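**Student:** For this one, chain L is given, so just place chain H on it according to the hints.
Number of protein chains: 2
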Amino acid sequence: MAQQKKRTEIAELGEFGLIDRLTAGFAPHDATTLCGAGDDAAVLAPPAGERMLLTTDSLFEGVDFDLTYFPLRHLGYKAVTAAVSDLLAMNATPSQIAVSLGVSSKLPVEALDDLYEGIRFACSEHKIDLVGGDTRASMTGLVIGMTAVGHAPEERIVRRSGARQHDLICLTGNLGAAYMGLQLLEREKRVLADVADPEPHFAGYEYLLEKYLKPRPRTDIVAALAEEKIVPTAMIDLSDGLSSDLMQLCRASHCGARIYLECIPIARQTSALAEEMHADPVVAALHGGDDYELLFTVPLSMQEQVARLGLVDIIGHITPEPTGCFLVTPDGSDIRLKAQGFPESEKSN
Amino acid sequence: MAQQKKRTEIAELGEFGLIDRLTAGFAPHDATTLCGAGDDAAVLAPPAGERMLLTTDSLFEGVDFDLTYFPLRHLGYKAVTAAVSDLLAMNATPSQIAVSLGVSSKLPVEALDDLYEGIRFACSEHKIDLVGGDTRASMTGLVIGMTAVGHAPEERIVRRSGARQHDLICLTGNLGAAYMGLQLLEREKRVLADVADPEPHFAGYEYLLEKYLKPRPRTDIVAALAEEKIVPTAMIDLSDGLSSDLMQLCRASHCGARIYLECIPIARQTSALAEEMHADPVVAALHGGDDYELLFTVPLSMQEQVARLGLVDIIGHITPEPTGCFLVTPDGSDIRLKAQGFPESEKSN
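Chains L and H, in that order, are what the protein sequence lines are. Under my numbering, think of the first position of the first sequence as 335, with each following residue one higher. Under my numbering, think of the first position of the second sequence as 335, with each following residue one higher.
These are calculated hints, taken from the structure and not from any lab test. Computed from a prediction, not measured in an experiment: that's the story for all the values here. Among the clues, some could well be false.
Copies of the same chain are indistinguishable here, so a pair counts whether it falls within one copy or spans any two.
Calculated pairs, EDC-like style, for lysine to aspartate or glutamate (alpha carbon to alpha carbon, straight line, at most 20 angstroms) [unchecked claim]:
no.	residue 1	residue 2
1	K672	E349
2	K440	E346
3	K672	E596
4	K672	D354
5	K672	E346
6	K340	D448
7	K523	E540
8	K461	E384
9	K563	D647
10	K563	E638
11	K339	D531
12	K461	D554
13	K548	E459
14	K461	E451
15	K548	D447
One chain only, chain L, in its complex shape (with noise of 0.2 angstroms):
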């Protein structure tokens, strides 16, 4: 027989009960957070000459994660990812978050501890530290809003805007991952449903749930760019998939762009699912989201240093403006680029 787990309520804790709960544990790794949470606000030193990078995200049961398959630790851990995720897109080194909870009664204070295990654990590995721990009652679900703060010296700061004619649109990793690794869990709670005891069947498919549930920031990508000696000259994270990205990133950089279909990274488990499900692997790759990989340009000259980078692939390159943004099939057709999800303004080619 199972045990039966504890089950502590909010109200039993009260207020700055749960938070001291929460929070307990948060040493400070970094040298920038002179305070962190417990007072009004956090107090940081930025580093000296360095310019301090700021980004907001929040999180929606409902909308942007389902807790009947979404274990709480990864949430965390992926609230984690999300935020940071936006200070790479930057070039900047993440050193700080605070998280802002909201949350319903039905949620035990052992649901809480799991989500900030995950958090706990996001914060270790990427040596940032928690610096802001509020937590209210949310009238319905689960609502968790984050905010990242890092910091970069102002010449190694990449914004969307700089990317230039003829340069090499690159891409860390590879995509639709995570869209299937959703797919497949969605397939689960509706095959199982009515199931007394489910056993869902994820065999084979560990990586896409992993990509999906838990998907690593890439702070490795910086790290390397910096030991390259590579300034992009623009850059994005895909959170709303490649093409939705990459089209924001020529709008602000007054640009075209041409990507090669074959040069899209699939992963073999995300090709395998797509096939298992009638799905075409190009759209979860175009359109899927919740990535978390860095696409960025850089000048043609570089290829070589990008090359040596060994984690990147130059998936195109960027054309004038007027040209519009496409993806270039084998058999050498052009299919303009579509921001999914969102009501088409224009016609395709």
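**Tutor:** Positioned in the frame of chain L, the structure of chain H alone reads:
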């Protein structure tokens, strides 16, 4: 006949169109803002030698506000006040905010325009820059996540933990007005629930409504403290109510406190409405919350300087930790303070 108000669905604009529309017209005020909304992260230049201060706060529909009577323009303004107030409580100068919205599709774009008009007005009034304007779908109500950044020289930063025995406890403004404003709005909502063309009766209580719907952050106090060269030993902003917030300050400073009932400032309208509603204005002042006034402590020797501020009442003094936190009534009785809203863990004397 009333003119039909224009209603634009959020989906008509798309995510980028919506963000562009909402964040338009936010000209940077502060020299520390190098790059605001529109990239993966904002880029800030901290003033040389100063500390950066960071705070996050969230407001949830149904918990923190009721849209049946809360005008969205005021809600935007109040959300900025709530975030900025935490920076003022550290004696810092607010410089940037980032807004993270969760929005249900039932709200039209025009409603978000109103919300942002209030945010824009607050930013302009307090010379703060909006450096992030993330908007996401929420399955449920409106969620407003607010991150505020400020700066201060180390020697002027005031934590909660510095109060010492015999220090004077000082308070800005008056208490309980916001709470009574809320009671008035709730009463009119109940009374007029089934009326076709409701005409609520607010005459004579306009001040209470303004304190609840559009509280102003006490930036004037931080300026006045600097002018008088006063650095408080400890400070906190009053968002949860005098009792709870004073207890937090004492807990952080390892001290007790005695405050005097006849010294607690209560506005005439607050007392009048409390009498009309058969409520106790002292309960409103102690536990009402939402006042956004500042509570601070100074050494006894600074009594004259504090008097010169002209904006502050001295309501009590700091005692040794073992004596606890008490309210002294005019007849000399001591009543132990409690943090309202959470279970008692100690008996009242």
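**Student:** Checking an output row: K339 and D531, CA cutoff 20 angstroms. Within, between, both or neither?
**Tutor:** Result: close within a single copy only, 17 angstroms intra versus 53 angstroms inter.
**Student:** Please work out whether the CA atoms of K340 and D448 approach to 20 angstroms or closer within one copy, between two copies, in both situations, or in neither?
**Tutor:** Close inside one copy (13 angstroms), not across copies (46 angstroms); limit 20 angstroms.
**Student:** From the Cα coordinates, with 20 angstroms as the cut-off, is the pair K440 and E346 best called within, between, both, or neither?
**Tutor:** Answer is within: at 13 angstroms inside a copy they meet the 20 angstroms cutoff, but 36 angstroms across does not.
**Student:** Under a CA distance limit of 20 angstroms, which applies to K563 and E638: within one copy, between copies, both, or neither?
**Tutor:** Cα proximity of K563 and E638: one copy only (12 angstroms, versus 60 angstroms across).
**Student:** At most 20 angstroms between CA atoms: does that hold for K523 and E540 within a copy, between copies, both, or neither?
**Tutor:** within (16 angstroms within a copy, 54 angstroms between copies)
**Student:** For the identical chains here, do K548 and E459 meet the 20 angstroms Cα criterion within one copy, between copies, both, or neither?
**Tutor:** Close inside one copy (13 angstroms), not across copies (43 angstroms); limit 20 angstroms.
**Student:** At most 20 angstroms between C-alpha atoms: does K461 with E384 qualify within a copy, between copies, both, or neither?
**Tutor:** within (18 angstroms within a copy, 23 angstroms between copies)
**Student:** Is it within a copy, between copies, both, or neither that the alpha carbon of K461 lies no farther than 20 angstroms from that of E451?
**Tutor:** Only inside one copy: K461 and E451 sit 15 angstroms apart there, 39 angstroms across copies, limit 20 angstroms.
**Student:** What label fits K548 with D447 when the C-alpha limit is 20 angstroms: within, between, both, or neither?
**Tutor:** Answer is within: at 17 angstroms inside a copy they meet the 20 angstroms cutoff, but 36 angstroms across does not.
**Student:** Go through the copies and call it for K461 and D554: within, between, both or neither, with a Cα cutoff of 20 angstroms.
**Tutor:** within (13 angstroms within a copy, 38 angstroms between copies)
**Student:** State whether the alpha carbon distance between K672 and D354 is at most 20 angstroms within one copy, between copies, both, or neither.
**Tutor:** between (47 angstroms within a copy, 19 angstroms between copies)
**Student:** Which holds for K672 with E596 at a C-alpha limit of 20 angstroms: within a copy, between copies, both or neither?
**Tutor:** within (19 angstroms within a copy, 67 angstroms between copies)
Checked against the numbered hints above, the structure breaks none of them.
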